[in-house]
Amino acid sequence: MTPERILGNMLGKAGGVSRGRDANLHGMGDLDLGIIGFVSHIPQSLPTTLGAAMAFKMRSEARVAVTFVGDGSTTAGAFHETLNMAALWNAPYVLIIENNQYAYSTPLRQQTAVEDLASKAEVHGVATRTIDGNDIEGVRTAVSEAVERARSGGGPSAIETITMRMRGHAVHDGAEYVPQNLLAEWEERDPLVVFRRRLIERGDASSKELDMIDAECRAIIDGVVAEVQGWPMPDPSTLADGLYA
Amino acid sequence: MSENFGFSRSEVSSGRELTYLEAIAEAIAYEMERDDRVLVLGEDVGGSFGGAFKVTKGLADRFGDERVLNTPIAELSFTGMATGMALMGMRPIVEMQFADFISTAFDSIVQFAATNHYRWGAAVPWVIRAPSDGGIRSGPFHSQNPEAWFVHTPGLKVVAPSTPSDAKGLLLAAIRDDNPVIYFEAKPLYRSVRGYVPDGDHVVPIGPAVIRREGSDLTIIVYGTMVHEALEAAAALSVDGIEATVVDLRTLKPLDEEAVLEAARRTGKVIVCHAANRMLGVGAEVASLIAEEAFDHLDGPVVRLGGADTPVPFSPPLEDAYRPNAATIEAAARRLAAY
Numbered sequence: 001m002t003p004e005r006i007l008g009n010m011l012g013k014a015g016g017v018s019r020g021r022d023a024n025l026h027g028m029g030d031l032d033l034g035i036i037g038f039v040s041h042i043p044q045s046l047p048t049t050l051g052a053a054m055a056f057k058m059r060s061e062a063r064v065a066v067t068f069v070g071d072g073s074t075t076a077g078a079f080h081e082t083l084n085m086a087a088l089w090n091a092p093y094v095l096i097i098e099n100n101q102y103a104y105s106t107p108l109r110q111q112t113a114v115e116d117l118a119s120k121a122e123v124h125g126v127a128t129r130t131i132d133g134n135d136i137e138g139v140r141t142a143v144s145e146a147v148e149r150a151r152s153g154g155g156p157s158a159i160e161t162i163t164m165r166m167r168g169h170a171v172h173d174g175a176e177y178v179p180q181n182l183l184a185e186w187e188e189r190d191p192l193v194v195f196r197r198r199l200i201e202r203g204d205a206s207s208k209e210l211d212m213i214d215a216e217c218r219a220i221i222d223g224v225v226a227e228v229q230g231w232p233m234p235d236p237s238t239l240a241d242g243l244y245a
Numbered sequence: 001m002s003e004n005f006g007f008s009r010s011e012v013s014s015g016r017e018l019t020y021l022e023a024i025a026e027a028i029a030y031e032m033e034r035d036d037r038v039l040v041l042g043e044d045v046g047g048s049f050g051g052a053f054k055v056t057k058g059l060a061d062r063f064g065d066e067r068v069l070n071t072p073i074a075e076l077s078f079t080g081m082a083t084g085m086a087l088m089g090m091r092p093i094v095e096m097q098f099a100d101f102i103s104t105a106f107d108s109i110v111q112f113a114a115t116n117h118y119r120w121g122a123a124v125p126w127v128i129r130a131p132s133d134g135g136i137r138s139g140p141f142h143s144q145n146p147e148a149w150f151v152h153t154p155g156l157k158v159v160a161p162s163t164p165s166d167a168k169g170l171l172l173a174a175i176r177d178d179n180p181v182i183y184f185e186a187k188p189l190y191r192s193v194r195g196y197v198p199d200g201d202h203v204v205p206i207g208p209a210v211i212r213r214e215g216s217d218l219t220i221i222v223y224g225t226m227v228h229e230a231l232e233a234a235a236a237l238s239v240d241g242i243e244a245t246v247v248d249l250r251t252l253k254p255l256d257e258e259a260v261l262e263a264a265r266r267t268g269k270v271i272v273c274h275a276a277n278r279m280l281g282v283g284a285e286v287a288s289l290i291a292e293e294a295f296d297h298l299d300g301p302v303v304r305l306g307g308a309d310t311p312v313p314f315s316p317p318l319e320d321a322y323r324p325n326a327a328t329i330e331a332a333a334r335r336l337a338a339y
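As you go down the protein sequences, you meet chains A and B in turn. The numbering used here applies: residue 1 is where the first sequence begins, and numbers increase by one. The numbering used here applies: residue 1 is where the second sequence begins, and numbers increase by one.
To be clear, the hints were calculated from the coordinates, so they are not data collected in a lab. Some clues are possibly wrong.
[Claimed, not checked] The calculated label-pair distances, taken between Cβ atoms and stated as ranges, are:
#1 A:Pro107 to B:Ser103: 37 to 43 Å
#2 B:Phe106 to A:Ala170: 54 to 60 Å
#3 A:Ala113 to B:Ile136: 42 to 48 Å
#4 A:Pro107 to B:Leu280: 38 to 44 Å
#5 B:Phe106 to A:Leu182: 32 to 38 Å
#6 B:Pro301 to A:Val114: 56 to 62 Å
#7 A:Thr106 to B:Pro140: 33 to 39 Å
#8 A:Ala184 to B:Phe106: 41 to 47 Å
#9 B:Ser48 to A:His41: 32 to 38 Å
#10 A:Leu182 to B:Ser103: 37 to 43 Å
[As the list claims (entries may be wrong)] Incomplete in silico selection of chain A near chain B, CB under 10 Å:
#11 Phe38
#12 Arg63
#13 His80
[Said to hold, decoys possible] In silico negatives: residues of chain B with every beta carbon more than 10 Å from chain A:
#14 Gly47
#15 Glu66
#16 Ala123
#17 Val124
#18 His142
#19 Lys157
#20 Arg191
#21 Ala235
#22 Leu289
#23 Ala308
Remember, it's a predicted structure, so these values are computed and weren't measured experimentally. Glycine is no exception: its CB is placed at the ideal position from the N, C-alpha and C atoms.
Can you make the complete structure from the sequences, with help from the hints?
Next comes the structure, spelled out in structure tokens:
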């Protein structure tokens with residue numbers, strides 16, 4: 001997936017991932033890259049991805065299906081139905097529950113009486129872990145272990161990553177409902193800031209090197225924005241194209 | 001009832017007669033044998049039990065428990081799972097134990113599967129078998145005909161066979177289709193209808209309707225169980241010299257508009273009838289199509305017959321009052337013929 005195709009999708013361009021069919025982050029699937037494009041009904045990602053895992057298992061392929069949901073999906077029926085089946089069939093399946101404290105405007109304490117979200121997966125017989133979602137290396141280690149476990153026939157896992165949504169639900173949402181002191185507290189734990197500090201402390205990178213990487217990223221994105229804005233919009237005569245395979 | 005359904009006498013005598021249910025079972029086994037991407041999943045389909053209606057009986061012995069996958073009660077998610085399997089190249093056949101339960105799986109069908117190819121170009125080749133229809137005293141939750149929801153959903157295909165031959169042929173076509181197909185099988189026909197079914201690779205393409213009977217006075221447009229009611233009505237009308245064309249739609253989406261309009265223009269009078277409730281049913285779309293495209297050829301109002309706008313009731317006198325049948329079709333046809 002390239003930044004050009006992603007921005008093209010957000011701008012409704014003919015060259016976006018969904019060719020102008022789907023909005024913002026949705027519909028950005030590409031089977032060649034092993035990515036399933038999700039729908040706005042996020043809990044639907046769970047069973048669809050389990051289907052991929054079951055296909056790998058049935059064909060004895062050493063592949064694993066991984067899916068990402070937020071805290072908001074843990075209260076939906078598909079979450080529980082899917083984890084029940086994943087454990088029942090020992091599927092090569094890894095679920096990442098990104099607990100970012102809010103489902104749109106609703107804080108976790110108003111979503112559920114059981115705020116330990118990993119425990120909601122555990123009751124179905126899925127192996128679980130709860131980790132700091134802002135620790136980049138910790139996330140990488142935990143997910144790698146879960147993937148290896150699934151790949152070697154050890155069964156499904158669910159990993160709850162504790163984090164914070166620092167912006168609104170989408171750009172239209174100012175998120176005034178989030179207390180300012182909560183945001184200030186989590187600002188200190190920004191994963192990029194924390195990781196940068198750690199790299200410098202360990203001597204893995206200098207401040208100057210990291211500034212250069214940041215500048216490089218900025219330049220890439222500036223270039224992508226300049227380029228993709230000039231991409232053509234879809235031709236209205238193609239409205240019905242691709243409805244059927 | 002044993003009928004030829006348009007096959008010649010010689011074809012029938014050289015062929016095999018199967019029930020509608022046997023024809024469905026034959027199609028599934030044939031395709032599982034031919035293509036190892038095909039699997040069956042659903043509630044109670046596996047083991048020695050073989051499903052609520054025994055359509056999948058014996059399949060688990062033949063193809064194993066993984067390809068005849070018994071699921072827990074979780075229609076939303078096992079249907080969603082079928083979408084993921086299909087995206088990864090499998091060809092799942094989901095048995096919805098009763099078509100009535102399909103509402104539970106609505107998101108998986110209409111939001112994910114139906115939109116997928118349009119959104120990002122990946123095919124979802126699954127089939128949902130939905131045992132539908134009533135008239136057999138099964139009550140509000142085992143008698144429904146929810147096809148209109150899915151005909152209204154862009155990206156799906158919807159079929160509804162009425163004969164054993166079409167039951168096999170349309171199921172083979174549905175499994176081989178690269179799109180999500182909902183296959184409404186009529187429970188009342190499972191064991192009541194027998195007919196000639198070609199051996200081997202018998203595919204009935206998704207799309208074309210078929211004329212079950214020719215007549216110049218009026219047209220009766222039907223599908224599923226109502227095909228048999230319409231043919232019975234047409235036979236009774238013929239005694240009095242009223243000759244009806246009976247069009248069996250077979251595929252509801254995409255609708256065979258040409259077949260509908262050809263019959264409407266030729267006969268000038270049309271009844272469209274289904275067991276699903278009449279309100280915003282398939283018949284409403286057919287009637288609108290005729291009004292828009294064949295108005296100049298009409299010699300009477302397009303008549304819609306369908307279920308009442310109520311749940312399907314259990315008690316026999318109530319259910320009989322709910323659904324159309326040969327007698328109500330015949331009565332409507334006599335009124336229309338005299339119009």
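Status of the stated non-contact between Glu66 of chain B and chain A (beta carbon gap over 10 Å): Since the minimum Cβ distance to chain A is about 6 Å, Glu66 of chain B lies within 10 Å and the statement is violated.
Distal placement of Leu289 of chain B relative to chain A, Cβ over 10 Å: holds (18 Å)
Supplied distance hint 32 to 38 Å, evaluated on CB atoms of Ser48 of chain B and His41 of chain A: About 37 Å separates the Cβ atoms of Ser48 of chain B and His41 of chain A, which means 32 to 38 Å holds.
Chain B contact restraint on Arg63 of chain A - CB to CB distance below 10 Å: Holds: closest Cβ of chain B sits about 9 Å from Arg63 of chain A, inside 10 Å.
Supplied distance hint 37 to 43 Å, evaluated on CB atoms of Leu182 of chain A and Ser103 of chain B: holds (40 Å)
Pairwise beta carbon distance, Ala113 of chain A to Ile136 of chain B, judged against the given window 42 to 48 Å: Between Ala113 of chain A and Ile136 of chain B, where Cβ atoms are some 44 Å apart, the hint holds.
Separation of Ala123 of chain B from chain A, once the least beta-carbon distance is taken, above 10 Å: Label violated. Min Cβ-Cβ 4 Å, cutoff 10 Å.
Pro301 of chain B versus Val114 of chain A beta-carbon gap, inside 56 to 62 Å or not: Because 60 Å falls inside the window, the suggested range holds.
Range agreement (Cβ of Leu280 of chain B with Cβ of Pro107 of chain A, hint 38 to 44 Å): Holds: the Cβ-Cβ distance is about 41 Å, inside 38 to 44 Å.
Given as non-interface: His142 of chain B, partner chain A, CB spacing beyond 10 Å: Holds, since 22 Å exceeds 10 Å.
Hint check: 10 Å Cβ-Cβ cutoff, His80 of chain A to chain B: Holds - the Cβ of His80 of chain A comes within 10 Å of chain B, reaching about 9 Å at its closest.
Pairwise beta carbon distance, Thr106 of chain A to Pro140 of chain B, judged against the given window 33 to 39 Å: The hint (33 to 39 Å, Cβ to Cβ) holds, given that Thr106 of chain A and Pro140 of chain B are roughly 35 Å apart.
Hint check: violations occur at hints 1, 2, 15, 16, 17, 19; the rest are consistent with the structure.
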